[in-house]
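2 protein chains.
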Amino acid sequence: MTPEHAVTYARRHRHRFLAELKDFVRFPSVSSQPKYARDLKNCAIWLGNHLRRIGLERVKVIPTRGHPIVYGTWLQAYNRPILLVYGHYDVLPADPLDQWRTPPFTPTVKGDNLYGRGACDDKGQLFTHLKAIESYLRTGRSLPINVKCLFEGEEEIDSPNLMSFIARNRNALRANVAVVSDSPMLGPNQPAISYAGRGALRLELEVRGPGQDLHSGNFGGAIHNPLQSLCEIIGSLHDENGHISIPGFYDDVRDWSENERAFMARTGPRDAQILSAAHAEKGWGEDGFTLYERLTIRPALTVNGIVGGYQGAGVKAVIPSHALAKLSFRLVPDQDPKRVERLFRNHIADIVPPTVTCAVRVLSGAKPAVLDREHPAVRAAVFALRKGFGSSTALVRSGGSFPVLSMFQQLLGIPTVMMGFALPDDPIHSPNEKFHLGNFYRGIETSIWFLAAAAERLKRARQLDKQTVWSSRNGN
Amino acid sequence: MTPEHAVTYARRHRHRFLAELKDFVRFPSVSSQPKYARDLKNCAIWLGNHLRRIGLERVKVIPTRGHPIVYGTWLQAYNRPILLVYGHYDVLPADPLDQWRTPPFTPTVKGDNLYGRGACDDKGQLFTHLKAIESYLRTGRSLPINVKCLFEGEEEIDSPNLMSFIARNRNALRANVAVVSDSPMLGPNQPAISYAGRGALRLELEVRGPGQDLHSGNFGGAIHNPLQSLCEIIGSLHDENGHISIPGFYDDVRDWSENERAFMARTGPRDAQILSAAHAEKGWGEDGFTLYERLTIRPALTVNGIVGGYQGAGVKAVIPSHALAKLSFRLVPDQDPKRVERLFRNHIADIVPPTVTCAVRVLSGAKPAVLDREHPAVRAAVFALRKGFGSSTALVRSGGSFPVLSMFQQLLGIPTVMMGFALPDDPIHSPNEKFHLGNFYRGIETSIWFLAAAAERLKRARQLDKQTVWSSRNGN
Chain W
174 MTPEHAVTYA RRHRHRFLAE LKDFVRFPSV SSQPKYARDL KNCAIWLGNH LRRIGLERVK
234 VIPTRGHPIV YGTWLQAYNR PILLVYGHYD VLPADPLDQW RTPPFTPTVK GDNLYGRGAC
294 DDKGQLFTHL KAIESYLRTG RSLPINVKCL FEGEEEIDSP NLMSFIARNR NALRANVAVV
354 SDSPMLGPNQ PAISYAGRGA LRLELEVRGP GQDLHSGNFG GAIHNPLQSL CEIIGSLHDE
414 NGHISIPGFY DDVRDWSENE RAFMARTGPR DAQILSAAHA EKGWGEDGFT LYERLTIRPA
474 LTVNGIVGGY QGAGVKAVIP SHALAKLSFR LVPDQDPKRV ERLFRNHIAD IVPPTVTCAV
534 RVLSGAKPAV LDREHPAVRA AVFALRKGFG SSTALVRSGG SFPVLSMFQQ LLGIPTVMMG
594 FALPDDPIHS PNEKFHLGNF YRGIETSIWF LAAAAERLKR ARQLDKQTVW SSRNGN
Chain Z
174 MTPEHAVTYA RRHRHRFLAE LKDFVRFPSV SSQPKYARDL KNCAIWLGNH LRRIGLERVK
234 VIPTRGHPIV YGTWLQAYNR PILLVYGHYD VLPADPLDQW RTPPFTPTVK GDNLYGRGAC
294 DDKGQLFTHL KAIESYLRTG RSLPINVKCL FEGEEEIDSP NLMSFIARNR NALRANVAVV
354 SDSPMLGPNQ PAISYAGRGA LRLELEVRGP GQDLHSGNFG GAIHNPLQSL CEIIGSLHDE
414 NGHISIPGFY DDVRDWSENE RAFMARTGPR DAQILSAAHA EKGWGEDGFT LYERLTIRPA
474 LTVNGIVGGY QGAGVKAVIP SHALAKLSFR LVPDQDPKRV ERLFRNHIAD IVPPTVTCAV
534 RVLSGAKPAV LDREHPAVRA AVFALRKGFG SSTALVRSGG SFPVLSMFQQ LLGIPTVMMG
594 FALPDDPIHS PNEKFHLGNF YRGIETSIWF LAAAAERLKR ARQLDKQTVW SSRNGN
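Heads up: the protein sequence lines correspond to chains W and Z, in order.
Residue 174 is where the first sequence starts when you use the working numbering, and the numbers rise one by one after that.
Residue 174 is where the second sequence starts when you use the working numbering, and the numbers rise one by one after that.
Please note: incorrect hints may appear among the correct ones.
In this list, chains with the same sequence are indistinguishable; a pair is considered to hold if it fits within one copy or across any two.
Within a straight-line C-alpha distance of at most 25 Å, the following computed SDA-like cross-link-like pairs (lysine to any residue) qualify [claimed, not checked]:
1) Lys455 to Ala340
2) Lys489 to Gly573
3) Lys455 to Leu265
4) Lys283 to Thr566
5) Lys195 to Glu433
6) Lys489 to Gln206
7) Lys560 to Pro254
8) Lys489 to Ile218
Don't read these hints as lab results, they were simulated from the structure.
Please work from the sequences and hints to get the whole structure.
Rendered as structure tokens:
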């Protein structure tokens with residue numbers, strides 16, 4: 174039951190592992206389209222059976238209001254920590270189909286890659302952990318750490334049923350730390366762990382004016398146009414320095430130490446790299462912060478979409494009766510989405526002109542999260558990635574939000590290590606999605622090393638300090 | 174050949190006139206939908222034959238790049254002026270079909286109304302003039318005035334071929350004045366003539382940012398969002414007084430005399446009437462002007478639509494690579510759309526931030542137009558409407574734009590009398606379009622009186638003054 178034996182086993186069975194992954198990818202488990210509901214169920218049953226076959230116990234395929242959750246455990250390592258392995262077996266639609274060079278649900282190996290929808294996001298990455306677990310259980314009949322697996326079928330549709338599932342099953346999901354492999358590395362031999370994600374507050378702002386659409390010839394100049402008013406409101410939400418003009422908005426934004434900012438400057442992407450990735454010529458935003466800082470330790474407000482008035486070709490002389498903007502805040506420690514919602518509502522109420530009315534609808538909120546870079550599970554992951562990839566790991570902040578991470582933190586009180594095996598050029602949401610086979614095999618070996626190292630380091634940390642190391646408040 | 178004889182004839186033949194109008198309405202001459210092209214052609218042929226049958230000469234159904242133009246004349250009144258009668262035989266689509274209580278192209282009389290798509294806009298109103306012409310030619314073999322008829326099949330799609338047709342056929346269309354019946358009265362017994370329309374400048378403003386859509390988590394705060402930038406630009410185009418903030422924009426806006434403004438206050442709608450028609454609670458716009466003034470003698474800038482980012486249900490975390498606004502200016506004397514275009518382009522170039530780029534595309538432009546209320550053809554129309562409806566006529570300004578009016582003014586140098594017979598509640602662009610039969614018959618009689626009175630007054634005016642009375646510069 175040493176990692177070395179498991180690695181040997183894993184190397185010997187690569188061919189079968191790949192064949193199994195192909196079976197997994199073959200299910201068109203498209204969560205957003207009702208016609209695939211049966212395929213999701215079949216995929217969940219297949220996954221449950223697979224969990225049983227590799228030696229996991231108490232395996233359940235649990236119905237939800239949407240698609241099933243697959244659960245399984247191995248808890249025989251007495252006095253050792255528990256690792257929660259999260260992943261998702263649902264995929265995005267394959268459209269546009271005509272741009273695929275191979276059929277999306279006929280997984281195909283070409284060169285060093287496996288092509289297929291879900292090959293990388295997240296079936297292939299999820300599978301690395303299952304194959305690591307199998308490699309231990311087939312060589313030594315035990316794991317170095319206790320494991321709980323939680324695989325959902327609704328990640329690509331914002332996990333509408335996961336939160337309540339976790340809340341109802343806190344005990345069954347109790348663990349010391351979680352691991353998720355559903356993120357990119359920085360490059361082929363540049364593993365990365367994201368140790369921070371921004372929170373989110375997504376909302377819709379609707380401006381309502383006249384009781385019906387009006388002809389802009391007959392009324393233009395005498396009636397306030399809700400679409401114009403929406404632009405005026407949105408146009409006022411940033412000052413010329415990219416600062417968000419909502420009173421109190423920055424009150425809880427943490428000032429980071431010179432040390433932390435120096436670490437970020439040393440390890441994070443340069444402005445030029447961010448601009449190149451964005452296909453942009455110029456940066457934008459708050460003076461006094463690098464682009465990397467602006468998109469990780471500084472909050473942002475994005476207009477994701479506007480729906481208002483005529484959108485077809487040519488001309489329609491209309492003053493629309495209402496207009497809607499989809500907005501999203503990205504929040505940073507120690508901002509709270511509930512408080513930001515209140516500030517936003519108050520500010521809109523303050524600035525809305527008397528000639529229109531405004532409505533604010535909140536769609537979702539998530540707290541910002543940051544993981545102590547010295548957390549033993551992070552150190553274990555860095556160690557395992559060096560074993561698996563032969564490279565050192567970049568510890569980076571992400572500007573995005575990880576709802577699962579917030580849920581685990583809020584409801585289970587545990588941190589999550591985000592150890593992804595995707596390559597930056599894997600088109601995970603586009604046609605010709607692929608998973609690099611080298612990364613599949615290295616991912617399995619990394620997971621083998623991680624299971625052992627996490628057990629070891631968490632145990633040692635527990636001996637040093639009885640408290641949970643995780644917190645979103647005492648981060649770096 | 175007195176108007177009285179013609180009126181007697183018209184009253185005697187009402188039943189047949191209605192039957193003929195029903196034949197006319199039966200053609201599904203929907204100009205915007207290619208599948209109806211054959212129906213438009215058949216409708217044009219029917220209309221041409223009808224012109225011949227009532228005694229018009231040199232009748233032609235003239236092909237264009239789109240739908241045919243129908244032309245016919247009667248020019249035997251020596252030493253008398255020429256009247257150009259304009260109308261359109263095309264109609265809007267009938268959708269949504271399920272809201273019609275009778276089939277849209279099965280014209281049906283119920284109560285005092287004829288129901289059917291195009292019954293009012295514009296087949297019924299156009300037909301009043303044909304029946305007036307017939308009533309003269311059948312009773313006295315001559316008309317009191319020379320007539321040229323110009324009926325197009327593309328009015329509902331912005332007349333893409335009319336301008337070039339007029340330009341190529343200036344001689345054939347030479348006239349002293351034009352009449353159009355394609356507008357509403359103020360109420361059942363309140364005829365109205367619109368003596369002014371605003372010009373228009375329709376354009377698209379596109380803001381471009383990064384070379385591709387970006388994830389707003391990964392880039393929000395560090396890259397300027399084109400949709401936000403578009404809002405910032407549009408939000409800056411009006412000041413808090415509803416004034417348009419483009420340098421030089423008001424330079425050519427005419428100051429109207431106290432007399433003219435007093436006339437408008439006496440004859441035009443009150444603020445409360447405009448708000449009620451708009452289903453709005455509060456007015457908006459420039460201080461110091463009534464709502465009626467704001468939408469007729471003051472220019473306006475309307476955002477007709479914005480296309481940018483995600484517009485579906487729920488959430489998509491995107492920074493769109495570009496965003497587009499559809500804008501329309503309404504212009505007043507003595508603004509010139511070409512100059513306003515230049516001012517707008519310069520202003521946008523001045524204010525566009527360095528983090529995005531802007532493109533301006535002009536879709537169409539039309540000059541403002543105003544008709545001397547004392548023009549003999551207007552006085553003839555006021556006289557004829559009193560004969561036809563027994564009521565005095567409101568002389569109103571319209572906030573809308575009349576491209577045909579601008580074309581006639583620019584290319585033929587003649588004014589146009591807009592003498593409409595629609596009722597304000599005729600749902601001309603909606604299901605259950607109707608034409609009030611009383612207005613159909615009164616419209617015919619009005620046209621009979623108008624043909625005589627226009628001849629008389631134009632002739633008298635020519636004796637007093639050799640010059641064309643029309644001008645957009647020396648109006649009221």
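Status of each hint after checking the structure:
1. Lys455 to Ala340: neither (44 Å within a copy, 48 Å between copies)
2. Lys489 to Gly573: Intra 38 Å, inter 13 Å, cutoff 25 Å: inter-copy only.
3. Lys455 to Leu265: neither (32 Å within a copy, 47 Å between copies)
4. Lys283 to Thr566: Neither: 28 Å inside a chain and 80 Å across chains, both beyond 25 Å.
5. Lys195 to Glu433: neither (43 Å within a copy, 81 Å between copies)
6. Lys489 to Gln206: Between copies only: 17 Å across chains, 34 Å inside a chain, cut-off 25 Å.
7. Lys560 to Pro254: Result: close within a single copy only, 22 Å intra versus 98 Å inter.
8. Lys489 to Ile218: Answer is neither; intra-copy 52 Å and inter-copy 30 Å both fail.
In this structure, the hints that do not hold are numbers 1, 3, 4, 5, 8, in rising order.
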